[in-house]
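Engineer: Residue numbers (this note's numbering), protein chains in the order written: chain E, 1 to 354; chain Y, 1 to 354; chain Z, 1 to 354.
Check the hints yourself; a few may be wrong.
It does not matter which identical chain is used: a pair holds within one copy or between any two.
Listed below are the simulated EDC-like cross-link pairs for lysine to aspartate or glutamate, each with C-alpha atoms no more than 16 Å apart in a straight line [as the list claims (entries may be wrong)]: (1) 311 x 289; (2) 311 x 43; (3) 311 x 44; (4) 246 x 280; (5) 311 x 266; (6) 311 x 182; (7) 311 x 280; (8) 246 x 266; (9) 311 x 188; (10) 246 x 289; (11) 311 x 291; (12) 311 x 264; (13) 311 x 257; (14) 311 x 189.
Hints are computed from structural coordinates only; laboratory data are not their basis.
What follows is the residue order along each chain.
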Amino acid sequence: QSSVTLFGIVDATLQIGRGSITDRMQLTHSGYNSSRLGFRGTEDLGGGMSASFWLEAGMENDNGQGQATNINNQVSGTGTAAAFTAGGGNGRQGLTFNRRSTVSLAGGWGEVRLGRDYSPQFWNLTTFDPFGTNGVGTTQTLVGSLGGPTNVRASNSIGYFLPGNLGGFYGQVQLYLGENAEDGGAAEDDGRGVGLRLGYAAGPLNVAFAIARTDFASAAAGATGVGTGEITTVNLGGQWDFGFAKLMAHYNRDTVDFLGGEVDSDGFLVGALVPVGAGEIRVSYSQTELDALAEPRTRKLALGYVHNLSKRTALYTTVARVRNNGGAAVALGGSTTAANTNSTGFDFGVRHSF
Amino acid sequence: QSSVTLFGIVDATLQIGRGSITDRMQLTHSGYNSSRLGFRGTEDLGGGMSASFWLEAGMENDNGQGQATNINNQVSGTGTAAAFTAGGGNGRQGLTFNRRSTVSLAGGWGEVRLGRDYSPQFWNLTTFDPFGTNGVGTTQTLVGSLGGPTNVRASNSIGYFLPGNLGGFYGQVQLYLGENAEDGGAAEDDGRGVGLRLGYAAGPLNVAFAIARTDFASAAAGATGVGTGEITTVNLGGQWDFGFAKLMAHYNRDTVDFLGGEVDSDGFLVGALVPVGAGEIRVSYSQTELDALAEPRTRKLALGYVHNLSKRTALYTTVARVRNNGGAAVALGGSTTAANTNSTGFDFGVRHSF
Amino acid sequence: QSSVTLFGIVDATLQIGRGSITDRMQLTHSGYNSSRLGFRGTEDLGGGMSASFWLEAGMENDNGQGQATNINNQVSGTGTAAAFTAGGGNGRQGLTFNRRSTVSLAGGWGEVRLGRDYSPQFWNLTTFDPFGTNGVGTTQTLVGSLGGPTNVRASNSIGYFLPGNLGGFYGQVQLYLGENAEDGGAAEDDGRGVGLRLGYAAGPLNVAFAIARTDFASAAAGATGVGTGEITTVNLGGQWDFGFAKLMAHYNRDTVDFLGGEVDSDGFLVGALVPVGAGEIRVSYSQTELDALAEPRTRKLALGYVHNLSKRTALYTTVARVRNNGGAAVALGGSTTAANTNSTGFDFGVRHSF
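Please model the complete structure; the sequences and the hints are all you need to start from.
Structural biologist: Rendered as structure tokens:
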């Protein structure tokens, strides 16, 4: 047997959501870190070269289900929950390596990585979010994203990463394929895209910029005000570690270029992580606004605390509140709320990694 | 890599069923112990505290499929086999951690366990069944149960277990959530329940009592004589180890409180495990009777033998026969039988654990 | 923890297909070796006996999905992709142990193996194919097979393997069950079959013969010219290792005995593996012809090269071209092509095993 590392996280969350229409209480998962089970390993090929693999499955440890992936970077690439349910799918979702499924070759020149991986345009939203895009505190810039099926990860991707010895500069570029038949039709390039991220980290500073474009055939906007078409995402984030606190911020803009128009979703976050003894206070303000219809806007304030029992095990709690305007109706914790009303979400949980 | 234990059981069974309508022969699984693949581990947190996780997937090693779980402790929480098949699901069921998926914190005060786990009301049926609720010999008290989706396991659960140093007393309490939207409707609490089990084990004696209640909206009984509504399960079991034989018995009563009535299912088992050399003879008589319609009753006699080739590997065989009355039509081993007729099932297999 | 071996292959392939109707470009998987994740182990029982298990899941590492299995050795045993898609299944296929899922007892007398395993009739096609039935070079004798759901693997199987000390002779016999209800209907034996393979390997020589028969109820042929009915497969293969090259060839004939007729598919392959430094050149010519309708025939020429970076990691490329006659329309690499036209496929990838 070659050396394979088996790793994972089991994070269970008691979550309560309150909205103007319905409330909900759940024992759910991933309130602090995403629950997962993974297998990875690296082989030294000599001459500074190495080969490696990484297979990581998301899981819902509250009920034992796995999570679906997306096979073609298009909406059709993941069966909708509703359709799967109609087909009897409740409770039947098996483990897939939806979080990451890659094989890599690396050397002094960098790394080439093939398979399903995070998209470059996602990293600034999660790295520079005190809540790491998990739980009720997740930055509203992600919740309100127009980034489409590849706003977090892309399948069928070919990635290149800069090597680690560039004096603090880092970067990656990723091509991903929609794999449609090349039949000359308008949708033949759907799901195909390219993303780029460049950053610089040194001492207390970390800043990065990303841009991505994904092809989709144009279709007119309906009642939602957002049509289908080429998606462009641009974002920028950074943090400064003052020691007593790590301040972070990011800005994100998604643009959809649809038939007969263009619409943007603009959002930003400011937040901080404040170490206190064996724990950490987390706080953020984030918002997203759509420049369509009555310009729906959602603003979120989140406050949390993580208490580390060890490096691997932590207790945590988060409370978040959203305020909706312009017709927005975002609700937290599985609740539902009427347009232009508020909603509150609450997480309390335990995260154990292995 | 932290220390993860990878464990499992592969149990293959040649099973034959004979009934008055159709017979069947299968190479199936889990005739002696349930086939599974799991990952578990424990971290010492110091001060007598520990954190641990347990992820255990059922599997059908005769064909390689996984098994579905239930996401909300309601009938809708697991896609029916029929609906999944209509949706093309045959052969497509992936691995889920349907058997157990938990994270725990433990100390001198006991253990808190979160996730999907056995329900307290299940333990007396399986612990005090010589066939451990596997194969054609499975106690009829489980087969004829009215316990609903949580009669074996519950998702979204918060459990507490007494510590192990109480002079032989043991116990657990479990709360589980249905996670429905709180919309004021009759079904908003469906799938929510609580179970309790208390026992005492010392020397040759082991006895335990359990009670559980699960909420469901009331609906009238149809042709089955059993409507939908709050389910209450009460059971009691025990064993005495005489050395030359371990005698065991249990009693179980499920009550459904539906619209316009109430119905009980009453059942009991008496049985024994008799060690003989490297093996063990297993024998049981179990029955269940429903107090509705013509009071359908099914009585089962089961006889088996397990031959241990090692601690991990065993050959086994079981023969069981059911006798149906009052309109019951329970059949064994995948056969079908007419109301009030008999059916016979036969298992022969090998169990290998790792 | 007992000793479990965790093993696998992650093989990522950039694949291009060109046909007369549509082309396609994909980042796919398994162009050289089938991607997989597995768990296996062996227990010494003493006296020359051992018990072992093998659980091996196929996976699509380009997108993280698992692969479906077949539960009953019939067409209905695997949900069709179309039906699963209609049910919302895209991206939802979890891991199953579709490649192999067995438990074995072995001794000086051979091995008994239970579960899902390769069928005996498959081995000659893959062992004596320079491309090992992977990627665009896959022997046309497999692509054009009429062998039905068990032409590669069978579920619910009971296999026996000769021991390894028979002076070069090897062999296996496998029974597999369809597990249908025995209701006296025409289809009650569907999916039940038996296969046999016998071979001899010594020095540079390896030859083997296989025959298998699978039951299916008879139905008349429609527009395809091939009805449903009992399937018989006979094949024969061999190789001679000259040192500078390993020459291999095989012949395969599938016969379907349907209502009102019988149809054969005849095919053969000749090929070679030529070691060159750290790599290997692979070349083959294969063809299959159906003796129905206008006798559709497809001929394939494939040429490839594998470059080993280590024992575990290799780069590879293959180009293959098919020529269709008699109405055949086989296309490569996800392309589509009109009847009687050509199609070209191209693989370039990396295979990493662990």
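Engineer: Any hints from earlier that this structure breaks? Give me their numbers in increasing order, please.
Structural biologist: 1, 5, 6, 8, 9, 10, 11, 12, 13 and 14
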